[in-house]
Structure formats: structure tokens, C-alpha cells
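Engineer: Taking mature numbering (1 follows the signal peptide of the UniProt record, and there is no 0), I'd label the letters of the sequence shown as residues -23 to -1, 1 to 275.
Since the hints were derived computationally from the structure, they do not count as laboratory data.
Every value quoted in this text rests on a predicted model; they were computed, and no experiment measured them.
Keep in mind that a hint or two might mislead.
No more than 30 angstroms apart at the CA atoms, straight line, and that leaves these computed lysine-lysine pairs for BS3-like [said to hold, decoys possible]:
{"hint": "1", "residue 1": "Lys93", "residue 2": "Lys132"}
{"hint": "2", "residue 1": "Lys132", "residue 2": "Lys87"}
{"hint": "3", "residue 1": "Lys190", "residue 2": "Lys93"}
{"hint": "4", "residue 1": "Lys188", "residue 2": "Lys132"}
{"hint": "5", "residue 1": "Lys132", "residue 2": "Lys51"}
{"hint": "6", "residue 1": "Lys93", "residue 2": "Lys188"}
{"hint": "7", "residue 1": "Lys51", "residue 2": "Lys87"}
Simulated restraints on C-beta separations [said to hold, decoys possible]:
{"hint": "8", "residue 1": "Pro122", "residue 2": "Gln155", "range": "41 to 47 angstroms"}
{"hint": "9", "residue 1": "Asn20", "residue 2": "Ala229", "range": "45 to 51 angstroms"}
{"hint": "10", "residue 1": "Arg226", "residue 2": "Leu189", "range": "34 to 40 angstroms"}
{"hint": "11", "residue 1": "Gln37", "residue 2": "Asn257", "range": "53 to 59 angstroms"}
{"hint": "12", "residue 1": "Phe219", "residue 2": "Arg2", "range": "28 to 34 angstroms"}
{"hint": "13", "residue 1": "Phe253", "residue 2": "Gly85", "range": "31 to 37 angstroms"}
{"hint": "14", "residue 1": "Gly85", "residue 2": "Ile139", "range": "22 to 28 angstroms"}
{"hint": "15", "residue 1": "Phe219", "residue 2": "Thr14", "range": "25 to 31 angstroms"}
{"hint": "16", "residue 1": "Asn164", "residue 2": "Asp124", "range": "42 to 48 angstroms"}
{"hint": "17", "residue 1": "Cys239", "residue 2": "Arg123", "range": "34 to 40 angstroms"}
{"hint": "18", "residue 1": "Cys239", "residue 2": "Gln37", "range": "36 to 42 angstroms"}
Here a beta-carbon is modelled for each residue, glycine too, at the ideal position from N, C-alpha and C.
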Amino acid sequence: MGRLVYLFACSLLLLAAVSTTSAARIVEHTFNVRNSTINRLCNRHVITAVNGSLPGPIIQAREGDTLIIHVLNKSPYNLTIHWHGIFQMLSGWADGPDMVTQCPIRPGTKYTYRFKIIRQEGTLWWHAHISKLRATVYGALIILPRDGNSYPFPKPYREVPILLGEWWNANVVDIDNQAIALGAGPNVSDAYTINGLPGDLYPCSRNQMYKLKVKQGKTYLLHRRKFNLINPQMRNTIAVPFGGWAVIRFVANNPGVWFMHCHIEAHLPMGMATAFVVENGPTPETTLPPPPADLPEC
């Protein structure tokens, strides 16, 4: 995304030992979102973060599990959480785009996201979906296969999520507001990060470097030799060059209101955003349930 807070939840696809059960589980987490103070690039900075960490907690589930995430907004900003890449089958109320599927979680209030992982596996990510808060409010979302299902690649030794991000010395909300006021893209970041750490290319960061430790003799999967051209991975974000174009094809099989927008936040007020509505089908299985009772009010 160029100058944008471009955070990729990349996985090296190295298998970790996890406890398993034969049936689908309920995976429950609590997100305490508040301002925290951290040291970066020779200075102390106040950032908005989840549970006081950057990146936020890793969510790990299996296909078929139900996720319940309690979000307590103790920050001074309005907030929503978007589960990037989750299909949200019949659970569009939990998708997270503010003023599209929900009103923001206001400071001092809370909201519980509930959704089921249906027909998908892989490494995704979650992030704030208001202003530029996603620069510090984000984390990995790892979906493992159902118990008994094999991986579509040789079983590796470990799994290590890698999240690439950007760091600004200034308040990220102020940066976004300035870009909107000027009608330009946001300022270039002061550092690129790996799992929230800038590394020794930047000032005062020699001890803030992410290190991936491996064991001699173990096999680690970094990439495959062959490309999958039969059923390639579906994309939830595409890059369109200046003067270029792209064709998007999808099946409208999930009722609800879905947000389609440019991922440079400052471009949204300029009109580079829209929503498309998928109407209910003729059966209960194709009908969006009513909103949850605790959906935030505007």
C-alpha cells in the first residue's frame, strides 16, 4: 500500500504443537485496547495497542471453530476491529468496518465479536478499522485445518507468524487527519518493522530486532518450488497501478452489506469507497440473522 500502514500477516508455515480436540471449539479472547507507552527510535511514544503489546495477541483457531472476542475500548478513540479475510458467512455483523456493518465502539464501552470459521484455512490478520489505528492495533489470525485433516504441504517443524508493518514517530491519528485535510497520501513512515520491531538499520534499535531462531538439522518451509495454478489462493486485497485496472470475480452467496474501499485511508473521504448489498435468499440458510443485542449504537 505504499505509504499506507501496510501490514501483512505473512506466515513461514512452520508447524507449532497445539492442543487438539475432536470437535469444533470455542476460542475466546479479551482485547483490552488502551494507550500504552513504548520506546522506539530513541524516544518514548504513546500508542494505542491491544493488551499493551505491539503487535497484538496471536489468535489461533481451527476451521470450524467459533471465535468470541471481547473488545474493551479503554482508548480515547472510537474503535472497530476487522477480521481481514474472514468470510463471515451469515455473520456480517462481526465484519468490523465502522459505519457500514456497525457503529464504532466508543471510548469506555465494549463489544463482543462472534463468528465461525467456515471453509477456510491459512494465515490472516486482524486490525483496527478506523483511521490509522491499524498501525498499532493489529495481530495475526492463524486458522489451522480441522483435526484429522492434513496440511497441503509437507509437515514442517514449526510455525512462526511474521507481520510486516510501519512505524511513525508522530501520532498516527494526527497523520491521517493531516492527509485528509491536504488531500494527499499520509507521510512516509519513519521505519519498517518486523513483528513490531524496527531492527538495527534504525537509530537506537540494535536491541529491537526480530530474530528467527532455527535448529540445525530441522526442516523449515519457506516456499514451494511449484506454483499452484489449479486452485490458487483467493485474494482479499489487490494492488492496482496508476492508470491500471483489475477484474474482480466473486459469488454473491453471503447476505449482508460489504465494504469495498481503497486501503489508503486518506482516500476514503475522497470517494474511493463503496458498499454492495447482498440480499437474503429464500431459505433460513441464506438469510442474515438479526444483529446481536450488544451491537454498538451510534
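Engineer: Hint numbers the structure violates, sorted upward?
Structural biologist: The structure breaks hints 2, 3, 5, 6, 11, 12, 14, 15, 18; every other hint is satisfied.
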